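Trainee: Here are the chains, one letter per residue:
Protein chains: 2
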Amino acid sequence: MDESIQELSPRISDCLKVIYAMQERGQKVSTSAVSERLGVSDATVTLLFKDFAVAGWVEHTPYHGVHLTPLGERKAMEVIRHHRLLELYLARALGYSWDKVHAEADKLEHVISEEFEEKLDALLGYPTVDPHGDPIPSKEGVVSLRKGQALTAMTEGQSATVLRIQDQDSEKLCYLGELGLYPDTPVALVKRNPFGGPLVILVGSTDKQKEQILGAELAEHIIVSLPE
Amino acid sequence: MDESIQELSPRISDCLKVIYAMQERGQKVSTSAVSERLGVSDATVTLLFKDFAVAGWVEHTPYHGVHLTPLGERKAMEVIRHHRLLELYLARALGYSWDKVHAEADKLEHVISEEFEEKLDALLGYPTVDPHGDPIPSKEGVVSLRKGQALTAMTEGQSATVLRIQDQDSEKLCYLGELGLYPDTPVALVKRNPFGGPLVILVGSTDKQKEQILGAELAEHIIVSLPE
DNA sequence: TACTATTTTTAGTAGATTAAAAAATTAATT
DNA sequence: AATTAATTTTTTAATCTACTAAAAATAGTA
Numbered sequence: 001m002d003e004s005i006q007e008l009s010p011r012i013s014d015c016l017k018v019i020y021a022m023q024e025r026g027q028k029v030s031t032s033a034v035s036e037r038l039g040v041s042d043a044t045v046t047l048l049f050k051d052f053a054v055a056g057w058v059e060h061t062p063y064h065g066v067h068l069t070p071l072g073e074r075k076a077m078e079v080i081r082h083h084r085l086l087e088l089y090l091a092r093a094l095g096y097s098w099d100k101v102h103a104e105a106d107k108l109e110h111v112i113s114e115e116f117e118e119k120l121d122a123l124l125g126y127p128t129v130d131p132h133g134d135p136i137p138s139k140e141g142v143v144s145l146r147k148g149q150a151l152t153a154m155t156e157g158q159s160a161t162v163l164r165i166q167d168q169d170s171e172k173l174c175y176l177g178e179l180g181l182y183p184d185t186p187v188a189l190v191k192r193n194p195f196g197g198p199l200v201i202l203v204g205s206t207d208k209q210k211e212q213i214l215g216a217e218l219a220e221h222i223i224v225s226l227p228e
Numbered sequence: 001m002d003e004s005i006q007e008l009s010p011r012i013s014d015c016l017k018v019i020y021a022m023q024e025r026g027q028k029v030s031t032s033a034v035s036e037r038l039g040v041s042d043a044t045v046t047l048l049f050k051d052f053a054v055a056g057w058v059e060h061t062p063y064h065g066v067h068l069t070p071l072g073e074r075k076a077m078e079v080i081r082h083h084r085l086l087e088l089y090l091a092r093a094l095g096y097s098w099d100k101v102h103a104e105a106d107k108l109e110h111v112i113s114e115e116f117e118e119k120l121d122a123l124l125g126y127p128t129v130d131p132h133g134d135p136i137p138s139k140e141g142v143v144s145l146r147k148g149q150a151l152t153a154m155t156e157g158q159s160a161t162v163l164r165i166q167d168q169d170s171e172k173l174c175y176l177g178e179l180g181l182y183p184d185t186p187v188a189l190v191k192r193n194p195f196g197g198p199l200v201i202l203v204g205s206t207d208k209q210k211e212q213i214l215g216a217e218l219a220e221h222i223i224v225s226l227p228e
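From first to last, the protein sequence lines stand for chains D and V.
With my numbering applied, the first sequence corresponds to residues 1 to 228, in that order.
With my numbering applied, the second sequence corresponds to residues 1 to 228, in that order.
A couple of the hints might just be wrong.
Put simply, identical chains are the same to the list, so a pair is met inside one copy or across any two.
[To be verified] Straight-line C-alpha distance at most 20 Å; calculated DMTMM-like pairs for lysine to aspartate or glutamate: (1) Lys210 x Glu24; (2) Lys100 x Glu118; (3) Lys119 x Asp99; (4) Lys28 x Asp42; (5) Lys107 x Glu24; (6) Lys50 x Glu118; (7) Lys100 x Glu114; (8) Lys208 x Glu7; (9) Lys119 x Asp106; (10) Lys139 x Glu220; (11) Lys100 x Glu115; (12) Lys191 x Glu220; (13) Lys191 x Glu24; (14) Lys191 x Glu211; (15) Lys107 x Glu7; (16) Lys208 x Glu118; (17) Lys172 x Glu7.
These are calculated hints, taken from the structure and not from any lab test.
Fair warning: this is a prediction, and the values are worked out from it, not measured in the lab.
Work out the full structure, taking the sequences as your base and the hints as a guide.
Mentor: Written out as structure tokens, the structure reads:
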């Protein structure tokens, strides 16, 4: 009767996550970009795109990639909610460092029940952001997007607060942690070197600020919010 | 080079668990008995038995089933340790009722990392029994078996303590919970009716005992320890 | 128009599973 | 004991799913 996808296999939910993440950053969601991120062949992604289109999760324009439909976005939200709730739980309740939560959550998210999710949610006090500052969608699939901009877009002398880190690479996160660059940390831009050169920033609250140098590559993935 | 099984797929670890559980109860581990418990065909189990034999986990006598080698027992212990640690964690930390922990642990046990296991272990204070009274093997695969006997083997008038419940059926556990029959609960046998009839028992410590009637079928799976 | 990139299609591989056939075991009957 | 019947297990051949390499189609570009 129903030809569409019923249960979300790990591959399917991973693919949904990738599509959503790319779309969120305003990138074109092409076959090759997704295949590279998932570590599978292009052919596999083409087939996934077709299945997703049949399920009504994406609009698929052959040779031009996909973009999520409202239904697909809801599906993606379910997956991302599981993932981010788990990340926060691992960090808070089990003492995981923030650079390790992603990999563990990636495995757990495929098997936890709705009941498990609800218990986590309650235990964490119905949180709205994960350890990287990424918003946790509500049960209904609503995200409270906090407006921000890349650290690289700040003007010299400006102050702001770290909102989120859009990178899940363990080593990079580990390094940023050493610099003290966690969500909710105050930062100020001292100097931006030309030609995509490194930034000089002040990290921490005014009483114990520390000057740090940060490559533009990394800074691009640090989202900050300016005070009104 | 190495033909033997490297990573434990869910099917493989589930099969190991079933073999161990049957062997622990002194039952013959036959193809059909295992296939029924796993919900797969006999042919599948025959193939699994062969793989296990090649890996050195079981002695396989064709047409006569398998029994675990010391190596196989160690492998089974790893799987069971994961499972029982998770069960206890779900009950203690997330407030799961004891009749629900089994199903959730069954899914989680296949994906958790060694680091996750260690964090659970430490957080729970290096426990030795799970919510059903089943022993949690140590990291080295050692189980501290507490001697006991089925409730049905008690003599009338005798007192004892519930040691473990050898049943993972959610509904049965739920019912036993209503009767107050948890591990460490004192019980006394008042009367055993003939021909496998129901037992009359006293449940709870002497100040607030309650008389209950219990079918022999259920009582067979309740293991108690007699005082010295 | 021709060349390069990317994407899709096609045909086929590999792993897990099973239905059905064949073999072995067990139990019953003579 | 020998024979038959019933049961269980194993083998075989085939299916189904997820995946990919290579070929074909399409899009973008000089």
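Trainee: Mind listing which of the numbered hints don't hold for this structure, in increasing order?
Mentor: 1, 5, 6, 8, 10, 13, 16, 17
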